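Chemist: Going line by line, the protein sequences match chains A and B. Going left to right, the first sequence walks through residues 1 to 114 as the working numbering numbers them. Going left to right, the second sequence walks through residues 1 to 115 as the working numbering numbers them.
Be aware that a few hints might be false.
[Unchecked claim] Derived, one-sided and incomplete: chain B residues facing chain A with beta-carbon distance under 7 angstroms:
no. : residue
1   : Leu44
2   : Leu46
3   : Lys49
4   : Phe90
5   : Lys102
6   : Phe105
7   : Thr107
8   : Gly108
Just so you know, these hints were derived from the structure itself, not from any lab. Nothing here was measured: the structure is a model prediction, and the numbers come from that model. Where a beta carbon is used, it is the ideal one built from N, C-alpha and C, also for glycine.
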Amino acid sequence: GAGVSQTPSNKVTEKGKYVELRCDPISGHTALYWYRQSLGQGPEFLIYFQGTGAADDSGLPNDRFFAVRPEGSVSTLKIQRTERGDSAVYLCASRGTGTAFGYTFGSGTRLTVV
Amino acid sequence: AQSVTQPDIHITVSEGASLELRCNYSYGATPYLFWYVQSPGQGLQLLLKYFSGDTLVQGIKGFEAEFKRSQSSFNLRKPSVHWSDAAEYFCAVGASPGTASKLTFGTGTRLQVTL
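Start from the sequences and build out the full structure, keeping to the hints where you can.
Modeler: Here it is in structure tokens:
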């Protein structure tokens, strides 16, 4: 597609529930990134994929967070047993290869855990 | 480890006045530097980026930034601010363009524009 698409745009869930957030990157972009942005903060890195594999997952806060990208395109960020502290905007970005490409961000999914 | 410092949390300027937003980075190699803007409820929009070449980089919406290696800085400037520039601005650093590593962001500077 023309840009990075994230769905849903908003998600409200109850504490303890499981959620999935979806990211559809720009067609042909091999690198895909997940960030978390809490209120009043800059985006914090969670994980990035090069193709289907997680090249760096050092930012995942704990084992309740998991992400997949099975076919090297769409990615899903999965959060188990959600906690109120997980409330944030989750941003996805994709990047093509070569020096001309920057990082293109989606509009994010606002997750609220009540 | 790479890091970015944006010393100013909040800046207020009058419409038509000039603007400079500060950014200092820490990175062990040649940095790939970015400025993004974020309006309320929106994603991040790229203003400009720099890796090599002329240290004064032109971006969209009349913004420019200057890379100063000796000061580890990449400050964003605009000669005349418009009310529509009110937003949150983020500086970020990453590895060279040939690699697809993560970006590290600063905490942002919120710009308020008074009429």
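Chemist: Next, verify each hint and record whether it holds.
Modeler: Here's how the hints hold up against the structure:
With its C-beta approaching chain A no nearer than about 4 angstroms, Leu44(B) sits inside the 7 angstroms limit, and its interface hint holds. This hint holds: Leu46(B) has a C-beta 5 angstroms from the nearest C-beta of chain A, less than the 7 angstroms allowed. This hint holds: Lys49(B) has a C-beta 5 angstroms from the nearest C-beta of chain A, less than the 7 angstroms allowed. Interface hint status for Phe90(B): upheld, as the beta-carbon distance to the closest one in chain A is roughly 5 angstroms, under 7 angstroms.
Taking 7 angstroms as the C-beta cut-off, the interface hint given for Lys102(B) holds, the closest approach to chain A being about 5 angstroms. For Phe105(B), the interface hint holds, the least distance from its beta-carbon to any beta-carbon of chain A being 4 angstroms, beneath 7 angstroms. This hint holds: Thr107(B) has a C-beta 5 angstroms from the nearest C-beta of chain A, less than the 7 angstroms allowed. Hint status for Gly108(B) relative to chain A: holds, with the closest Cβ pair at about 5 angstroms, below 7 angstroms.
Hint violations for this structure: none, all hints satisfied.
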